[in-house]
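**Student:** With the hints as constraints, model all of the structure from the sequences given.
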Amino acid sequence: MRSDYAVVGKRIPKLDAPDKVTGRTVYADDLKMSGLLTGAIKRSPHPHARILSVDVSAAEALPGVYAVIHAGNVTQRPFGFGHDNIPLKDRVARCVGDEVAAVAAVDAATAQRALDLIRVDYELLPAVDDPFEALQPGAPRIHDELDIEGNVSMEWNFQTGDLAEAEQRSAVIVSGSYSSPQAAPAPIETHVVIAGFDADGDLEVISPVHMVFMYRKELADCLGLDWRRITVRQPPVGGSFGGKIDIDAHDFIAVMLARAARRPVKLAMSREEEFTGTRTRQPIHFRLRTGAAADGTLLFRHAEVVSDNGAYNAWGSHALLVAMNTVTSMYRVGTSRLAAKVVYTNKNYGGSVRGFGNPQATFAVEQQMEELADVLGMDPMDLRLKNANRPGDVTPQGLEITSCGLSECLETVRRKSGWDQRRGRMRRQHRGLGAAAYVHVGGGARIYGSDGCGAMIKIDDSGRVALISGSSELGQGSETALAMIVAETLGVPLEAVSVSHDDTDVKPWDVGVHASRTTFVAGNAARMAAAKARDELLEGAAEVLDRPARSLTIRDGVISVPGEPTATLRYEKAVRRRLLREGSSIIMTSAFYDPPTQRQDENYVGNISASYGFGAHVAEIEVDPDTGMVRVLGLWAAHDVGRAINPMSCEGQIEGGAVMGVGLALSEELPVEDGRFPAPNLHDYGMPTTMDAPPIDVTLIETADELGPFGAKGIGEGGIILPPAAIANAVADAVGVRPRSYPIRPWKLRRWIETGERSHVDKHPHPVPDENAR
Amino acid sequence: MRISITVNGDPVVQPVDPSDTLLSVLREQLHLIGTKWGCLTGDCGACTVIVDGRSVVSCLQTVGQIDGADITTIEGIAGRGRMMNDLQEAFVTHGAAQCGFCTPGMVVAAEQLLRDGVEPDGAAIREGLAGNLCRCTGYSKIIDAVLSVALARME
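Chains D and R supply the protein sequences, listed in that same order.
Read left to right, the first sequence gives residues 1 to 774 (this note's numbering).
Read left to right, the second sequence gives residues 1001 to 1155 (this note's numbering).
In short, the hints are calculated from the structure, not lab data.
One thing to keep in mind: the hints can contain errors.
What the simulated footprint calls covered on chain D by chain R, stretch by stretch (three residues with Cβ under 8 angstroms from a Cβ of chain R suffice, anywhere in the stretch; the number is not a length) [what the hints assert, rightly or not]:
| id | region |
| --- | --- |
| 1 | 307-321 |
| 2 | 649-656 |
| 3 | 690-704 |
Pair ranges (Cβ atoms, derived) [to be verified]:
| id | chain 1 | residue 1 | chain 2 | residue 2 | range |
| --- | --- | --- | --- | --- | --- |
| 4 | D | G563 | R | R1080 | 47 to 57 angstroms |
| 5 | D | V558 | R | E1155 | 34 to 44 angstroms |
| 6 | R | D1121 | D | G64 | 32 to 42 angstroms |
| 7 | D | E60 | R | R1002 | 29 to 39 angstroms |
| 8 | D | G35 | R | E1155 | 21 to 31 angstroms |
Backbone N, C-alpha and C fix where the C-beta goes; we use that ideal spot for every residue, glycine too.
**Tutor:** Written as structure tokens, this is what we have:
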């Protein structure tokens, strides 16, 4: 593989890092503007209640209050999938935290006093927080305005092959139920939105939401605004992890407050609101069966799935899209079936949190791989390698596997962890090793008509190269990767390149930052625009050097003719030569890249991504047998990144994702009691600290994807997918019981150890001795 | 009340409500917005500043109790005439900042840890930074950055 790049592949510090380490970076909550008011939201304290009346008269009378809004005095339309949500709830509150009224006031203290003066009369309704109860006949109807049965808001069904025949052929069938908790993306920066109209009536919204063009459209659709007159600006984002993809009720409310108050309004979520009023990771419950031939060849996978998606359908309702890919396409599985229900419950609802259904699905699929291996008497790594996806495969859902380093990832973590020498041999020390691997979209994800992204490049008279990208930076390092791609393609020094991506008035269209797509999709757009700029540069230089443009090369900003050491020209001079003359021109290029992919059809078949990312982890854990406490001693992570544009950023994504995954596996959870989160704070939530984060050994596997920019594939989500499965497998290795749900809390593990939770084997390759007979 | 404090080496006399938090005085009154907030309950550490040689979560520190104190915020960590000190440079070169929102508090906490003479050892540094949450990095590169400075400063 080519390695003579000037910039690509180097460990480049993030361009935004110096400002971040010195406190100079200005986030949404740091922004001030003249006349800015403080907004605050009155939320339902009840999980399910009819709103009988909202009395705002006392709040309106409070000095310093500029606007008090509720469903009765605003114009708003439903939003969300199936239009099942509305910013200010008009009839019914369906979860604790539902927005009922809002105020804008001169300061936070006045806003809070005004909230306290709003009187809402509720009629309490029976609530349901368990999805299986919600499915029962006679369960409370959460959306009685919708024509649906049993609180099922969506169904996702896929099947291929003859399941009965595959069962018949299987020598082994293992089955089991696997559950995941409600969890939170929990960025350190909470959601903050600032909205204001100028005197002409144009709306400016400042928000860290990172699907800005869809956001603009949804604002317009819901509030009846002209979307040509909305500008969305995105300041640096203090972390998202998918939590800032969805437009939330508070975004609309900020605009409605600004409209009512005739002043700009800032709404900053408190930490409690971040947990209760912004999107979470939905619990997904799997009943999974996997069958294999006696030699370990996978023959089928069959999943029945219930997604506990909460009170409304935001993007979280679509997490099954990714979970389905894992069930049907992780390893060569052949016959597969998935029947999933997305169920309403009276809880905070699901969003598109990093990994988007994949950690939940992989927890089931990859535990079952090791359960299957145990029954077959095979090494789980051998079983995985035997069934590993390979380049050229087309999976049952039509995913076209091109570059694929899955086997190399598995072999790497196997070797580095000492798997063959140590797995199954540390039980006396209550230690164990467990593995897991994933497939995840790595070349965009066509979930919308276009999966495209635009890029524009201009080179000014100084030689400064400005990339204006449709995409945005959330901290993950995409801005630096894009600058590196431009510098490499143009042949100019990285210091000459700047990246702008914060303003819908300036930047070209993009779907948004999600699905690990930015380096791939925005990177390709940037590469294409840069290639055009390079052509123009060389054409300009050709005139000066009196050589054909196609004979010129450019590196580190020097344009030269191979074989003629004296015939050189600085690229800045080439730009100025074309500018400073009659009939002048300046270099401005643009490109729009939409990956060659398909939206999946009504049967969920279609090549949704232009490439797929793969990875494998091995976790080493130790169980304290007295307390049931699990400690992660080490994590080996190998990820097929196609090509590491910036290895340091790739490692950062993997390490950060993996520690989020360790949090999911062992501690992160928003338990619900009586429809409420009893402890919506960072003390109780269980986010890993420095003391919980294990050492992580990262290996980047480079497979040079044919469509990725310089071969790169997405890596933003890969790290988080595997720890719950790998750690559960390691627990099984250490203490011989199967974690059926995560987080694997000490008291749960102690109970499982006491009850002896084992694998369920429905069909065994050889006769099982009847234990009762012995 | 009126408090007299030193902030990043500058004398500051400021009328305050004694129950105001140091965080709000820094951000709202002194316009030192480098100090961030993530929870206002002392759990995340994003608002960490140095008060009289101790790391303090400024969201829980009321100003009525710190009249006369010497305070260093992220804006003062590098010292006068410098953009960055060695620790900040190490954060940059090690890739220890991603979204950057925890970073000011993390840098301040780490600086105080180094000034307190933390053992140049990953485990000791992890223990010393246990009060500062980072959601992006998984901490590895932060620990590496601080460790590199701990070793360099010993020389």
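**Student:** Hint by hint, say whether it matches the structure.
**Tutor:** The hints, checked one at a time:
1. 307-321: With 0 residues closer than 8 angstroms to chain R, the region 307-321 of chain D misses the three-residue bar; violated.
2. 649-656: holds (count 5)
3. 690-704: holds (count 5)
4. D:G563 / R:R1080: 47 to 57 angstroms: holds, 53 angstroms
5. D:V558 / R:E1155: 34 to 44 angstroms: holds, 39 angstroms
6. R:D1121 / D:G64: 32 to 42 angstroms: Violated, at about 54 angstroms.
7. D:E60 / R:R1002: 29 to 39 angstroms: This hint holds: roughly 36 angstroms between Cβ atoms.
8. D:G35 / R:E1155: 21 to 31 angstroms: Because 54 angstroms falls outside the window, the suggested range is violated.
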